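Chemist: Let the sequences and hints guide you as you build the complete structure.
2 protein chains.
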Amino acid sequence: MNGAEAIIATLVQAGIDTCFANPGTSEMHLVAALDRQPGIRCVLALFEGVATGAADGYARMTGKPACTLLHLGPGLANGLANLHNARRARVPVVNLVGQHATFHLPHDTPLTSDIEAIARPFSNWVSVSQAASEAGRDAADAVAASRSVPRKVATLIVPADVAWSEGGTVATNPAVLAAAPAAPQTIDLACNLLKSKQPAAFLLGGSALYGEGLKAAAKIAAATGAKLIATYPFGRLERGVGRCAVERLPYILEQAAAFLSEFRQLILVEAAPPVAYFAYPGKNSVLTPPECEVLVLAKAGEDGAGALAAIEASLPPSGNAATGPDWNRPTLPTGTITLAGIAAAIGALLPEHSIVVDESMTSGRGLMAATRGAPPHDWLVNTGGSIGIALPLALGAAIACPERRVLCLTADGSGMYTLQALWSMAREGLKVTAVVFSNRIYGVLKREFAGLGLGQPGPSANNLFELDRPDLDWVALAKGMGVPGVRTASMESFARELRQSFVSDGPRLIEVEV
Amino acid sequence: MNGAEAIIATLVQAGIDTCFANPGTSEMHLVAALDRQPGIRCVLALFEGVATGAADGYARMTGKPACTLLHLGPGLANGLANLHNARRARVPVVNLVGQHATFHLPHDTPLTSDIEAIARPFSNWVSVSQAASEAGRDAADAVAASRSVPRKVATLIVPADVAWSEGGTVATNPAVLAAAPAAPQTIDLACNLLKSKQPAAFLLGGSALYGEGLKAAAKIAAATGAKLIATYPFGRLERGVGRCAVERLPYILEQAAAFLSEFRQLILVEAAPPVAYFAYPGKNSVLTPPECEVLVLAKAGEDGAGALAAIEASLPPSGNAATGPDWNRPTLPTGTITLAGIAAAIGALLPEHSIVVDESMTSGRGLMAATRGAPPHDWLVNTGGSIGIALPLALGAAIACPERRVLCLTADGSGMYTLQALWSMAREGLKVTAVVFSNRIYGVLKREFAGLGLGQPGPSANNLFELDRPDLDWVALAKGMGVPGVRTASMESFARELRQSFVSDGPRLIEVEV
Numbered sequence: 001m002n003g004a005e006a007i008i009a010t011l012v013q014a015g016i017d018t019c020f021a022n023p024g025t026s027e028m029h030l031v032a033a034l035d036r037q038p039g040i041r042c043v044l045a046l047f048e049g050v051a052t053g054a055a056d057g058y059a060r061m062t063g064k065p066a067c068t069l070l071h072l073g074p075g076l077a078n079g080l081a082n083l084h085n086a087r088r089a090r091v092p093v094v095n096l097v098g099q100h101a102t103f104h105l106p107h108d109t110p111l112t113s114d115i116e117a118i119a120r121p122f123s124n125w126v127s128v129s130q131a132a133s134e135a136g137r138d139a140a141d142a143v144a145a146s147r148s149v150p151r152k153v154a155t156l157i158v159p160a161d162v163a164w165s166e167g168g169t170v171a172t173n174p175a176v177l178a179a180a181p182a183a184p185q186t187i188d189l190a191c192n193l194l195k196s197k198q199p200a201a202f203l204l205g206g207s208a209l210y211g212e213g214l215k216a217a218a219k220i221a222a223a224t225g226a227k228l229i230a231t232y233p234f235g236r237l238e239r240g241v242g243r244c245a246v247e248r249l250p251y252i253l254e255q256a257a258a259f260l261s262e263f264r265q266l267i268l269v270e271a272a273p274p275v276a277y278f279a280y281p282g283k284n285s286v287l288t289p290p291e292c293e294v295l296v297l298a299k300a301g302e303d304g305a306g307a308l309a310a311i312e313a314s315l316p317p318s319g320n321a322a323t324g325p326d327w328n329r330p331t332l333p334t335g336t337i338t339l340a341g342i343a344a345a346i347g348a349l350l351p352e353h354s355i356v357v358d359e360s361m362t363s364g365r366g367l368m369a370a371t372r373g374a375p376p377h378d379w380l381v382n383t384g385g386s387i388g389i390a391l392p393l394a395l396g397a398a399i400a401c402p403e404r405r406v407l408c409l410t411a412d413g414s415g416m417y418t419l420q421a422l423w424s425m426a427r428e429g430l431k432v433t434a435v436v437f438s439n440r441i442y443g444v445l446k447r448e449f450a451g452l453g454l455g456q457p458g459p460s461a462n463n464l465f466e467l468d469r470p471d472l473d474w475v476a477l478a479k480g481m482g483v484p485g486v487r488t489a490s491m492e493s494f495a496r497e498l499r500q501s502f503v504s505d506g507p508r509l510i511e512v513e514v
Numbered sequence: 001m002n003g004a005e006a007i008i009a010t011l012v013q014a015g016i017d018t019c020f021a022n023p024g025t026s027e028m029h030l031v032a033a034l035d036r037q038p039g040i041r042c043v044l045a046l047f048e049g050v051a052t053g054a055a056d057g058y059a060r061m062t063g064k065p066a067c068t069l070l071h072l073g074p075g076l077a078n079g080l081a082n083l084h085n086a087r088r089a090r091v092p093v094v095n096l097v098g099q100h101a102t103f104h105l106p107h108d109t110p111l112t113s114d115i116e117a118i119a120r121p122f123s124n125w126v127s128v129s130q131a132a133s134e135a136g137r138d139a140a141d142a143v144a145a146s147r148s149v150p151r152k153v154a155t156l157i158v159p160a161d162v163a164w165s166e167g168g169t170v171a172t173n174p175a176v177l178a179a180a181p182a183a184p185q186t187i188d189l190a191c192n193l194l195k196s197k198q199p200a201a202f203l204l205g206g207s208a209l210y211g212e213g214l215k216a217a218a219k220i221a222a223a224t225g226a227k228l229i230a231t232y233p234f235g236r237l238e239r240g241v242g243r244c245a246v247e248r249l250p251y252i253l254e255q256a257a258a259f260l261s262e263f264r265q266l267i268l269v270e271a272a273p274p275v276a277y278f279a280y281p282g283k284n285s286v287l288t289p290p291e292c293e294v295l296v297l298a299k300a301g302e303d304g305a306g307a308l309a310a311i312e313a314s315l316p317p318s319g320n321a322a323t324g325p326d327w328n329r330p331t332l333p334t335g336t337i338t339l340a341g342i343a344a345a346i347g348a349l350l351p352e353h354s355i356v357v358d359e360s361m362t363s364g365r366g367l368m369a370a371t372r373g374a375p376p377h378d379w380l381v382n383t384g385g386s387i388g389i390a391l392p393l394a395l396g397a398a399i400a401c402p403e404r405r406v407l408c409l410t411a412d413g414s415g416m417y418t419l420q421a422l423w424s425m426a427r428e429g430l431k432v433t434a435v436v437f438s439n440r441i442y443g444v445l446k447r448e449f450a451g452l453g454l455g456q457p458g459p460s461a462n463n464l465f466e467l468d469r470p471d472l473d474w475v476a477l478a479k480g481m482g483v484p485g486v487r488t489a490s491m492e493s494f495a496r497e498l499r500q501s502f503v504s505d506g507p508r509l510i511e512v513e514v
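Residue numbers (this note's numbering), protein chains in the order written: chain A, 1 to 514; chain B, 1 to 514.
Hints may be right or wrong, so weigh each one.
[Unchecked claim] Subject to a maximum C-alpha distance of 16 Å in a straight line, what follows is the list of computed EDC-like cross-link-like pairs (lysine to aspartate or glutamate):
1. B:K227 / B:E293
2. A:K64 / A:D17
3. B:K215 / B:E238
4. B:K299 / A:D468
5. A:K299 / B:D108
6. A:K446 / A:D468
[Said to hold, decoys possible] Label-pair distances were calculated between CB atoms; the ranges are:
7. B:G15 / A:R365: 41 to 47 Å
8. B:P459 / A:A340: 45 to 51 Å
9. A:K283 / B:P459: 54 to 60 Å
It should be emphasised that the hints constitute simulated quantities derived from the structure, not laboratory data. Fair warning: this is a prediction, and the values are worked out from it, not measured in the lab. Positions of the beta carbon are idealized from the N, C-alpha and C atoms, including for glycine.
Modeler: Here it is in structure tokens:
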């Protein structure tokens, strides 16, 4: 058994069943090892940012890591932006990155680079395997690191001679560590705070937004009147009929500050104190009013769900369990395409247990309101602000949950960064509906330019904000990658295409000009 | 004048006239400053790797830097792979990367990252501007660094509050430093070596492959019988009728070693000692025979052209100036598409003074031989081995030389990494002919897997090597980005489309199934 075989066998034994890959020459022994392991599914990405974004989507839906396989420093570099997002989502990811053979490195050949230095800014754990005999243990350590609390991006660098040398052994994996429970004093503090009858809210992130965490939060809200707010961005939010409605913090600084202005007590559960996304001249980045007391119940990555359960247990029993919104879907709109109409159509037609990946940017206003009374579903957004995550995230979520429909909502500008994901969706036959909002501008930038008082953009600035001249044709782009696509010109046709896509076997793309 | 305005005005004063950009919110004041500067052309890229690869192509053809404008750490990260290639090409590039306002950074908001650490592995010079009053000087320093010897990738990080604060001043630029001349003793050593009548060759890179450097090398070769070899990869090679024919070092280890085996003296001119691209089990990475004496006339980035001129001056005057190949073009092939036929058609039709960007990978065998007797042209290749450079490089070369035709030869696999460059070509109306070799495999990987004795690839490995299922449709992809494209099914139609593309006003794409 060589080093590469020891690594792959160890990963499989640790429960890793999916590899999002874009390998090169220096990774051939890892490819050969993957080839001989029936326990792991290899998904080819034609660009590395697709692979890392897919690993994020996979991890958000399964809670466990996929691995990526990337080619040397430049291949890793291409995957960094979506690793940034994955790191901010606090999901587990294990990257395998090839390196030249150790005896080749001193020659400083064209592809040589300092892979450790490249990995470090976007990885929480980095290691270079030093020998075939240690490669299995290194792989086990990478998995353990990725699953430690909080969940991490772990990058294992594998020199080619470590991969091809004999002497590898499979390592067993340590048990997955659970997050430490919140201190009893903190639980008491929160309970006392809730008793004070001052306007209170929970700012929820991480595991407080789905599963048992969200259920406990809902019961607390019903019992105490505290409001539940989803931090923005968030990794995964369960919502729809039967689930407790959680409003998300607005993106725009002034709106977010206004939204929070009523509260005097804010309890953070796997969420950081709310701060504006960007800084502005003369404006305070902190969003809470000065008179608001902020209590950290659980930091990001800590056991927020457990802390919420502990609070709930300390409350007097309530007959009324928390309830979610009623089954209340918008009526199907007709006529000309509007953003409100698209939101309504999605609200009307969203299938039960679907996964919505939302990077609709400025076109997405109204989507969450319109889907509040839809059947139960999950909502995933961009956690790190590096745009170009929606299509890869949808790919990974669809691999993770093949029985569920994935609705990927992407702006045209952000979609262009990682459009290669469409091809992988077609190859894998995934049930993804990609809706592309073609407004043909970087809408955020136009808005920010105006908001900063920079006046009317001239030709150069408009050149950098506008995506027309020529217009992107997403139906053609999808066709180029084997995904059937359609452009809709009315709300009726949008609804028809959306409905059809939801029962199709493979991916579909719908372009809407907005 | 604010910091952003000081930066842009300083860049323009230093001769920077082009900015390849993909900005975000934190770069809005830089965008506004660009907007008010008529002296700089802004070219929007829909993905940052397009911007950095274009800056490389621009610099290779002009010898001076363009700037890029990138959004925070993730935007820079998306541009790193082609910065790796640019750094290996030793071209000057100035990156402007926005950063959050200094007072915003401690909040660790979603887009926060350690931009200096991200920049460093692929930049030779990194600095963070600390105040608006210093921003102009910082920009001047970045340009000076990029133009220092050897030419460099310089990255200036600009916090948003430095950009928006008043107090900026335009800085004047120091003179561009010329490369130091080679030591007279080294020139003497080389001259003595050439007198010894042992089989000798020059391994040429950098400025020894075009202009005065190549002319001097040609005269030396004619006078001494020494062979001229282009190092591989190289940044820019002038060739065709009237220019001295220089053979490039083969890529494959065994072929390169065989090619060099006859020489007993190898003189390196802006080239490193020849080494295999990748390492292989049990094989020596060094390509020269042990009995070959290696002399470094000029290191990479040093004044190789000057050193060659000094050697030439010390030789006895020769009536016979070196001559290039005769005007000798292949006849146009007919019938079924073959790789040899494509090479012949390109050799037959290549326009005078065209720029060939070659990332044809395994489909490109025979191209250089078939174009040896074509009219004078330049040949650019991937210098760092990070694939996905051809389309961006062609974009940058076409911006640099609007009067010249650019022929971009890309494999389908490598083209997919940065296909967004097609859109920028369409927007800018550039005279680029992109030929896509659709063999629907990662051909290098298939060959390497076999060469390493890893046996017959199974389903998982083939999944990672094969780009079919579904087939990519490059004509549709081009259409999606506003570039007219065609798929050719015979040598006759390929030649017809190629000829037509060479007289078109804007970009054209020709897909050939090979």
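Chemist: Determine for every hint whether it applies to the structure shown.
Modeler: Hint check results:
no. : hint                        : in the structure
1   : B:K227 / B:E293             : holds (15 Å)
2   : A:K64 / A:D17               : holds (10 Å)
3   : B:K215 / B:E238             : holds (10 Å)
4   : B:K299 / A:D468             : violated (46 Å)
5   : A:K299 / B:D108             : holds (14 Å)
6   : A:K446 / A:D468             : holds (14 Å)
7   : B:G15 / A:R365: 41 to 47 Å  : holds (45 Å)
8   : B:P459 / A:A340: 45 to 51 Å : holds (47 Å)
9   : A:K283 / B:P459: 54 to 60 Å : holds (56 Å)
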